[in-house]
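Quick note, the sequences are listed as chains A and B, same order. Going by the numbering used here, the first sequence wraps up at 427, each residue one higher than the last. Going by the numbering used here, the second sequence wraps up at 474, each residue one higher than the last.
Hints are computed from structural coordinates only; laboratory data are not their basis. Cβ atoms here follow ideal geometry from the backbone N, Cα and C, with glycine treated the same way. Among the hints, erroneous ones may be present.
Stated by the list, open to error - Using 25 Å as the maximum straight-line C-alpha spacing, the simulated BS3-like pairs for lysine-lysine come out as follows: (1) B/K120 x B/K363; (2) A/K373 x A/K386; (3) B/K120 x A/K245; (4) B/K470 x A/K164.
Unchecked claim - Each pair of labels, with its calculated beta carbon distance range: (5) A/R407 x B/S288: 20 to 30 Å; (6) B/G114 x A/R229: 49 to 59 Å; (7) B/R450 x A/R73: 32 to 42 Å; (8) B/G259 x A/G276: 16 to 26 Å; (9) A/D82 x B/R450: 36 to 46 Å; (10) A/W252 x B/D272: 13 to 23 Å; (11) B/K292 x A/D310: 36 to 46 Å; (12) A/R229 x B/P454: 15 to 25 Å; (13) B/N316 x A/H227: 49 to 59 Å; (14) B/R450 x A/E185: 20 to 30 Å; (15) A/R105 x B/K390: 47 to 57 Å; (16) B/G259 x A/H227: 25 to 35 Å; (17) A/D29 x B/P454: 23 to 33 Å.
Spelled out, the chains give:
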Amino acid sequence: MLERNRKKYGVVVVGGGPAGMGAALGARDYGEDRVLILDREPEAGGILNQCIHSGFGIHYFKEELTGPEYAERFFEKVIDSDVDVLTGSYVSGVSIDSNGTKRVRIMNEKLGLMTVEARAVVLAMGCRERTRGAIRIPGTRPSGILTAGLAQKFVNLKGYLPGKRIAILGSGDIGLIMARRLTIEGCHVEGVFELMPYSNGLTRNVVQCLDDFNIPLHLSTTVAFIHGRDRLEKVTVAPVNNDLKPDMTKAWDVACDTLLMSIGLIPENELTQNLGINLDVVTGGPWVSSTMETSMPGMFACGNVLHVHDLVDFVTQEALLAGRFAGEWAQGIRRPKDSIQLVPGENVRYCVPHTLSPEREHTIYLRCKQAMKPCKIRIGNLIEKKLKFVFPAEMIMFKIKPDLLDRFHGETLRIDILPLEKGEEYD
Amino acid sequence: MYDVAVIGGGVIGCSIARELSRFQLRIVILEKYEEVSFGTTKTNSGIIHAGHHDSIETLKGRLVVKGNALYDKLSKELDFAFRRIGELVVARTEDELPELFRLKKQGDEKGVPGLELWDKERLRVEEPNLSSSLAGALLSPSAGVVNPYELANALSENAVDNGVDLKVNSEVESISIESSHLTVHTSSETVKARFVINCAGVFADKIAGMVGLHDFTIHPRKGEEYMLDKRLKGLVRRLIFPVPTKQSKGILIIPTFDGTIMVGPTARNTEDRFDVSTTYEGSSEVFSSVEKICPSIKPRDTITEFAGLRAVSSTNDFIIGQTRVKGFINVAGIQSPGLTCAPAIAIYVRDILKNEGLKLTRKKDFKPRVRGPERFASLSEEQQKRLIEKNSLFAKIVCRCELVTEAEIHSSIDHGARTLDGIKFRSRAGMGRCQGSFCEPRCMDILSKRLDKPFENITKRGGDSWIVRKMDNN
Numbered sequence: 001m002l003e004r005n006r007k008k009y010g011v012v013v014v015g016g017g018p019a020g021m022g023a024a025l026g027a028r029d030y031g032e033d034r035v036l037i038l039d040r041e042p043e044a045g046g047i048l049n050q051c052i053h054s055g056f057g058i059h060y061f062k063e064e065l066t067g068p069e070y071a072e073r074f075f076e077k078v079i080d081s082d083v084d085v086l087t088g089s090y091v092s093g094v095s096i097d098s099n100g101t102k103r104v105r106i107m108n109e110k111l112g113l114m115t116v117e118a119r120a121v122v123l124a125m126g127c128r129e130r131t132r133g134a135i136r137i138p139g140t141r142p143s144g145i146l147t148a149g150l151a152q153k154f155v156n157l158k159g160y161l162p163g164k165r166i167a168i169l170g171s172g173d174i175g176l177i178m179a180r181r182l183t184i185e186g187c188h189v190e191g192v193f194e195l196m197p198y199s200n201g202l203t204r205n206v207v208q209c210l211d212d213f214n215i216p217l218h219l220s221t222t223v224a225f226i227h228g229r230d231r232l233e234k235v236t237v238a239p240v241n242n243d244l245k246p247d248m249t250k251a252w253d254v255a256c257d258t259l260l261m262s263i264g265l266i267p268e269n270e271l272t273q274n275l276g277i278n279l280d281v282v283t284g285g286p287w288v289s290s291t292m293e294t295s296m297p298g299m300f301a302c303g304n305v306l307h308v309h310d311l312v313d314f315v316t317q318e319a320l321l322a323g324r325f326a327g328e329w330a331q332g333i334r335r336p337k338d339s340i341q342l343v344p345g346e347n348v349r350y351c352v353p354h355t356l357s358p359e360r361e362h363t364i365y366l367r368c369k370q371a372m373k374p375c376k377i378r379i380g381n382l383i384e385k386k387l388k389f390v391f392p393a394e395m396i397m398f399k400i401k402p403d404l405l406d407r408f409h410g411e412t413l414r415i416d417i418l419p420l421e422k423g424e425e426y427d
Numbered sequence: 001m002y003d004v005a006v007i008g009g010g011v012i013g014c015s016i017a018r019e020l021s022r023f024q025l026r027i028v029i030l031e032k033y034e035e036v037s038f039g040t041t042k043t044n045s046g047i048i049h050a051g052h053h054d055s056i057e058t059l060k061g062r063l064v065v066k067g068n069a070l071y072d073k074l075s076k077e078l079d080f081a082f083r084r085i086g087e088l089v090v091a092r093t094e095d096e097l098p099e100l101f102r103l104k105k106q107g108d109e110k111g112v113p114g115l116e117l118w119d120k121e122r123l124r125v126e127e128p129n130l131s132s133s134l135a136g137a138l139l140s141p142s143a144g145v146v147n148p149y150e151l152a153n154a155l156s157e158n159a160v161d162n163g164v165d166l167k168v169n170s171e172v173e174s175i176s177i178e179s180s181h182l183t184v185h186t187s188s189e190t191v192k193a194r195f196v197i198n199c200a201g202v203f204a205d206k207i208a209g210m211v212g213l214h215d216f217t218i219h220p221r222k223g224e225e226y227m228l229d230k231r232l233k234g235l236v237r238r239l240i241f242p243v244p245t246k247q248s249k250g251i252l253i254i255p256t257f258d259g260t261i262m263v264g265p266t267a268r269n270t271e272d273r274f275d276v277s278t279t280y281e282g283s284s285e286v287f288s289s290v291e292k293i294c295p296s297i298k299p300r301d302t303i304t305e306f307a308g309l310r311a312v313s314s315t316n317d318f319i320i321g322q323t324r325v326k327g328f329i330n331v332a333g334i335q336s337p338g339l340t341c342a343p344a345i346a347i348y349v350r351d352i353l354k355n356e357g358l359k360l361t362r363k364k365d366f367k368p369r370v371r372g373p374e375r376f377a378s379l380s381e382e383q384q385k386r387l388i389e390k391n392s393l394f395a396k397i398v399c400r401c402e403l404v405t406e407a408e409i410h411s412s413i414d415h416g417a418r419t420l421d422g423i424k425f426r427s428r429a430g431m432g433r434c435q436g437s438f439c440e441p442r443c444m445d446i447l448s449k450r451l452d453k454p455f456e457n458i459t460k461r462g463g464d465s466w467i468v469r470k471m472d473n474n
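Chain A extracted, bound-state conformation:
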């Protein structure tokens, strides 16, 4: 698929998942005809390939697709658009010349160590799952403790079960999906144990994956000890106090041979960090302008490498935009610097992008710190919008029209999520 003699591209996209494919198409749509996608896996599609459940594409395609179907639709477009795709290719580094040319270093079994040149690069490496080590669960180290995503890969791509009696720590979406998947495969799911007083997954997944299968969700509960010499034998679970520490006086044991971890996702920014690109400590992803450009000129980012999304549809939307601006950049178009800085205020954990420009309409993505209902979201002195509820697990997305920003005079625009005042009501 790669024209082997071509070594110079307008846009090189690192990662061939939904973000990478979206970015490549975005760049093509805006007239950049030399686009390359690099992916380390043997096939493009990213994590979608193992998500065989449905629920993808409701927003973007207005129909429910499985993960592989969603990936396939984009992959066909990618191929039809003459985007080069090089799989089995690990990007080991990017260096930048004094004239701004990026040199992307690739390792590929057939091509060896090679370098391609790019005017613009889009970072679309996605994210990875947090593991047991990151939260230091005490106990022994038997086999049978794995991330929910790895379990998904074993079941859906390799055709094996991670075990028969399953406990799940954390209520992230992959954990919920796997609770249902493993139950259908004949495993017994003992329960999902969530440290926080609310689920970390989408409400629709709690209902469809747990409630419909009578799988208990234990909120404010954690795994406090792991038992077993060679293979996991049981876990001790305990409710947590206000400081999130387990109350061992109320602990109980759950016999299981498998513990799935669904305790959060971390954007994979090793490459980004090696380049010295500024990261947002809250999202774990790069700091980006409204054109999805990072702190390094001509380097763009989108998808889960930027911030963890709930739905692939939103990844696609963000990626098309990043690709478009990367394509512009490759063709020499330079937009004026953003003049407005977006700042998270009351009950706002983060917002992306980090800056805005009055020249265009913007989509802003944000997450709240704490659940609140009903409430209102306030963007500086420009917009105030009432919301039925906000929930940390569900991303909030809204658009700002340029005419609003036009009237805006100021360097920072603060976003707050506030309780409704006396007399205000959600209607």
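The hints should help you fit chain B onto chain A, whose structure is shown.
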């Protein structure tokens, strides 16, 4: 009939077997786990001590400086990870300074090379990330770090190359005393040997008990270790020790050979010889102690943790020597600095065997060398290119956190890996921040193919440590 049966394939048993393999002898190592080093060795802190900590009055204190000095030649021959990075014992307060003076005196008298006392200003310049409140330090430049599992693997591989039989999954169940030899019954077979060397670590007293010897007991002392994200690489340049206590050398900051920083170990006695659990108490003890010395190390930097058991004997010293039972030699109670002493212990045991009447005739064709792992990630671009030209699998990344190539996974299997841990300890695949979430299925595929074993029969570390089950319908 074997001349020598070594019970236990830890770093001590492997060191002795390798030393004896220089001679025309029939030797067997009996290891109860699937691979060598899977007991206490793999959890060792990996420190080659300078030797000033232990008094000359003890056997461990006498063997440590000698053991340290043997590491240069050993690491050249066996090509394992070893670097003399130096060690600092730091005084947290003025009150602890006299202890540094005492350690320096003890070390100087024992011939520990290059000991230097540093004032707080010097310490600040040399290790700027340590707490500015530290009062001073004792430098011992000869201290170093190794990867202990890598050392044991290299020793056993070299021993096998030189004719030693390695029998894994061979737990010793009983030993009978015959007139001219000892017969060792394992879970799978019977082995006869003129000499039996008991290197059974935390189970050494149980093994001694099998021939009616009850003169010592082993009291496991657990140590918990916490591995930190490699983004902290370079935070400290040397091994950092607090001033020691009676129980242990304290909680250390260990810049491992590969650059990852490890903190620990704790020191808690346990009755359970399989208790390798980490605990809330252990983790808070480690981090509260370390934060006083290096404030930027935080619990959230942890990528994984583990625990190991020190085989502390009832004499609190090494117990090495012949016994009332003819041919039965104890090498027991090998706690810290056992790893440092290992090559010296091997020579010490060789001499005991000679005194006991074992004829030692040197082999003409002894091969002292093995080839270590490639360590692709640490090579220059030019070196990487050369490897890829020779073997394209060097361009195929399996573990992206630690940049381990498929060629290195194959090489691990060539060098004896039979399990996922075996691959991890030889190649680092799965040691990084994602802890194997991405590379595990790939390593299983390769193991399955190479060992001609069904995918579901691949284990983490042998025994009942299975990874997946077959689906009922496939």
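Verification of the hints:
| no. | hint | in the structure |
| --- | --- | --- |
| 1 | B/K120 x B/K363 | 53 Å, violated |
| 2 | A/K373 x A/K386 | 10 Å, holds |
| 3 | B/K120 x A/K245 | 38 Å, violated |
| 4 | B/K470 x A/K164 | 10 Å, holds |
| 5 | A/R407 x B/S288: 20 to 30 Å | 54 Å, violated |
| 6 | B/G114 x A/R229: 49 to 59 Å | 44 Å, violated |
| 7 | B/R450 x A/R73: 32 to 42 Å | 38 Å, holds |
| 8 | B/G259 x A/G276: 16 to 26 Å | 19 Å, holds |
| 9 | A/D82 x B/R450: 36 to 46 Å | 40 Å, holds |
| 10 | A/W252 x B/D272: 13 to 23 Å | 22 Å, holds |
| 11 | B/K292 x A/D310: 36 to 46 Å | 42 Å, holds |
| 12 | A/R229 x B/P454: 15 to 25 Å | 23 Å, holds |
| 13 | B/N316 x A/H227: 49 to 59 Å | 31 Å, violated |
| 14 | B/R450 x A/E185: 20 to 30 Å | 29 Å, holds |
| 15 | A/R105 x B/K390: 47 to 57 Å | 20 Å, violated |
| 16 | B/G259 x A/H227: 25 to 35 Å | 33 Å, holds |
| 17 | A/D29 x B/P454: 23 to 33 Å | 48 Å, violated |
Taken one by one, the earlier hints fail for this structure at numbers 1, 3, 5, 6, 13, 15, 17, listed in ascending order.
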